[in-house]
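A.B. asks: Letter by letter, the chains look like this.
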Amino acid sequence: MRISFTVNGNPVVVEAEPLARLLDVLRIDLGLHGVKEGCGEGECGACAVLLNGRIVNSCVTPVAAAADGEILTIEGFCETDRYAVIEQAFSDSGGVQCGFCTPGFVMATEALLRENSKPSEDEIRRGLSGNLCRCTGYNMIVQAVQAASETLNGQ
Amino acid sequence: MSTISRSIPRTDSPQKSAGRANYLDDMRIAGALHARLLLSTRPRARILRVETPALPDGYVTVDHSDIPGTNAVRMINDGWPLFPVDMVEYVGQPILLIAGPDVAVIDELLAAVTVEYEDLTPVFGIDGAETVEDPECFVDYHLEYHLEGAPGPTDQPSGDLAFTITETFDTGAQEHIYLEPQAMAAWCEGHRITVTGSIQCPYYVHKALVTVLGWDADRIRVVQATTGGAFGGKEDFPSVLAGYVALAAHKTGQPVKLVLDRGQDIEISTKRHPSRITLASSVGRSGLAQSTCADIRIDGGAFEGLSSTVLQRAMFNASGVYRIPEISVQGQAYRTNIVPYGAFRGFGSPQAFFASEMHMCHLARKHGEDPLSFKRRHLVRQGDRTITGGTLRDPVKMEEMIDSVLTQSEYNRKRPEYERATGITRRGIGVSLFNHGCGFTGSGERDIIKARVKLRGHADGKVEVLCSNVEMGQGAETTLRKIVAETLGVPIGNVVFQNPDTDQVPDSGPTVASRTVMVVGGLLHTAALKLKDATSPGPGQPVEVEANYQQPAEIEWDQSTFTGDAYPAFSWGVNIIEIELDLLTYAIRPLTVWASFDIGTAIDERIVIGQIHGGIAQGIGYGTTELLEVRDGAFQQRTMTDYVIPGSLDTPEIHVNLVSNPYHGGPFGAKGVGEIPLTGPPPALGDAVECALGVEIHQIPLTPEYLERIVRTQGGAQ
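Chains A and B, in that order, are what the protein sequence lines are.
The first sequence begins at 1030 in the numbering used here and counts up by one.
The second sequence begins at 32 in the numbering used here and counts up by one.
Calculated from the structure, these hints are not laboratory results.
Backbone N, C-alpha and C fix where the C-beta goes; we use that ideal spot for every residue, glycine too.
You may find that some hints are simply not true.
[Said to hold, decoys possible] Some chain A residues flagged as far from chain B (calculated, every beta-carbon gap over 10 Å):
| # | residue |
| --- | --- |
| 1 | 1035 |
| 2 | 1042 |
| 3 | 1062 |
| 4 | 1067 |
| 5 | 1083 |
| 6 | 1090 |
| 7 | 1099 |
| 8 | 1102 |
| 9 | 1110 |
| 10 | 1131 |
| 11 | 1169 |
| 12 | 1181 |
[To be verified] Across the chosen pairs, the derived CB separations fall in these ranges:
| # | chain 1 | residue 1 | chain 2 | residue 2 | range |
| --- | --- | --- | --- | --- | --- |
| 13 | A | 1143 | B | 582 | 53 to 63 Å |
| 14 | B | 566 | A | 1147 | 55 to 65 Å |
| 15 | B | 145 | A | 1030 | 53 to 63 Å |
Turn these sequences into a full structure, and let the hints steer you where they fit.
C.D. replies: This is the structure:
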């Protein structure tokens, strides 16, 4: 079936099975390779995107759920000023190692800070609990989110 | 802090954050076919017949009959067949692959393949091997070391025995869970083939392809793609996948790509060796351990792979960081019908340290002493002999490292308080002391690896780093560039590092064994010094300089008897971990880790501390939740939902302090850091549980089921 939605502000129409994974549509049909597949079952968050402002794991989201919706992936988000702040904070804090989980963590950080601009450490850890990282041990990512929250200062 | 240690922004960070780093599956390879594997469903069986369905146009099968060279995955020996001919040896062993344009069609075709087997009796794990009358071993070592009379432990009593303890420790398998699953692609151009993928060791893959294809080395090109984590898991297994895609690309004449999904990655890739370690020690009346007899058995899985060298490293750590005058060590790697076990951060050492650290705790308890105090009385010092009769030439700073974490953690106040506490919720605090030999064991660097690096200086001031070591998340790209830039006194932006391509870079060895900074970084430092004095061969022409590995003059090693300096240098670590657990769920909640490390000089503090944090998190997972169970030869955990690695809520606050102890053989004094952080947490957690519950720990992972059982059987948690 034909499914329309916007991705990073651009309207798109795709021809897809309604139960096709949003992840595959984004990666294969639309060539958005910043969305990664780490587990394929909604556990690791490497494929996280914002759908109508809410964070979802695109590997367990059927593309039909995106119909008429707005999707923001790392490719769109990285053009924004808020991204620049978060990216800088990840770099300064040591939140990036192999990088495979990083776009997902960046999207989770944005989702968290939109909802709660001054999260406590515990709220950050909860906010990131849908994303797995095998390299960093999380402490430096938590520091990155704290630093981004301070720089954004309630924005 | 040394100037070079000051942290700089990682050069790969912006691309990775923006999602612009191209991992293998992100690369656009025009016309690439997909490949998928047909896996054995039997742990040990003869293959009587394989029947494949009629294939539509554009689809091909590839199996052992398509191998032009030798049917072997080149590692230490050629015992691991790339595809089976007439026998399968484990559940998950790839029998053949189908390549074609559409993955869904390939999956339908694979489902229609019938394999007729004749089942044979399998051997499952160490338990299984021990019940067989004469279990098959890949290697069987018996070593005896008498260190009495060596410089150092002159105060050891020779007789006057107080007690002996003999006990056995079990450690489980561990899966790497690099976030990017294994991935590889290949294509042919003219008479050459290019293979690219998520790899640690471009030249291991290159050599493996020479073996499988039977071609001259110069027809084969291996290029590392951006690698999303590895931890040892992309040391050995990529040589397997590279063979598959190369054969498929050779047969079809088209590019072929093979990306494992997570379930298949967990099912068929190599893992950390499970171990069973029996330690028997005698302690004299003065409270000093006199002898240790260690029996180390590891499950090697179906093919030998790297098992012999993993076992050697485990054996050389059998007495931990302690002075024990008489040590005998035997080691066996069993052949079983399980996925071959392989390299994983620590490489045998975490298994040995878990056992030896817990054993020291138990000796202390029997002697009536706090474990840390007992351990401190046995600590090795500078000038002491190592277990293999080598010499600890460099300063050992463990005492000051222990003091720093003791103060920070308030261990001395907390330990007795927690030991006496009662109630449903308990706290515990535990310590581990450990080290890690940097680089290859023995003379491996000199005799096997023979590392070579090059630097190419251009007229515009740019300097290219040419080595085969990879950035896989650990920060090598930034660290190696920093060493060269600092040596030359140029901005880091002038130093270029690209993912290694065997057409461009010399073989500086694999990215393993905590050797990249100390050994390869050392060679780049030497090359950079040469480059300073080198002159261009002509106007505008680049200058090339080379550096080759030289074994430090003081190192003596006899590979036939395993005696001498097993490692040129050691990094050292102390962990204190505080935990909470309740007697209803028996789930361990790590609260805080205090860690002190001597890794020589940190080339970049933030990168080093990042390695330490990540290693500690993996060690916590290894010690607590990362359970792999084998039933009928198959791992029961096949997803990231049932194989549980630590998340942001499970990983505690980690405080790290680095003790400066520059090593003369490393660049700017650097030693290795990659592996050592994983070693500390399991025994520190075990000690913390013993503190909280008053039980004796003999296995990891410390699952709630295990803790509940030993509290019941040992009468703990009073």
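A.B. asks: With reference to the structure, classify each hint as holding or not holding.
C.D. replies: We went through each hint and held it up to the structure:
1. 1035: It holds; residue 1035(A) is separated from chain B by about 18 Å at its closest Cβ, greater than 10 Å.
2. 1042: Fine: 23 Å to the nearest Cβ keeps residue 1042(A) off the interface.
3. 1062: For residue 1062(A), whose nearest Cβ neighbour in chain B is about 4 Å away, the distance does not exceed 10 Å, so it is violated.
4. 1067: 5 Å, violated
5. 1083: Holds, since 19 Å exceeds 10 Å.
6. 1090: The assertion about residue 1090(A) holds, with a minimum of 17 Å to chain B.
7. 1099: Given that every Cβ of chain B is farther than 10 Å from that of residue 1099(A), nearest at about 18 Å, it holds.
8. 1102: 8 Å, violated
9. 1110: Residue 1110(A) clear of chain B: closest Cβ-Cβ about 14 Å, beyond 10 Å.
10. 1131: At roughly 5 Å from the nearest Cβ of chain B, residue 1131(A) sits no farther out than 10 Å, so the non-interface label is violated.
11. 1169: 6 Å, violated
12. 1181: 16 Å, holds
13. 1143(A) to 582(B): 53 to 63 Å: At roughly 57 Å between Cβ atoms, residue 582(B) and residue 1143(A) fall inside 53 to 63 Å, so the hint holds.
14. 566(B) to 1147(A): 55 to 65 Å: 59 Å, holds
15. 145(B) to 1030(A): 53 to 63 Å: 36 Å, violated
The structure fails hints 3, 4, 8, 10, 11, 15 (numbered hints given earlier, in ascending order).
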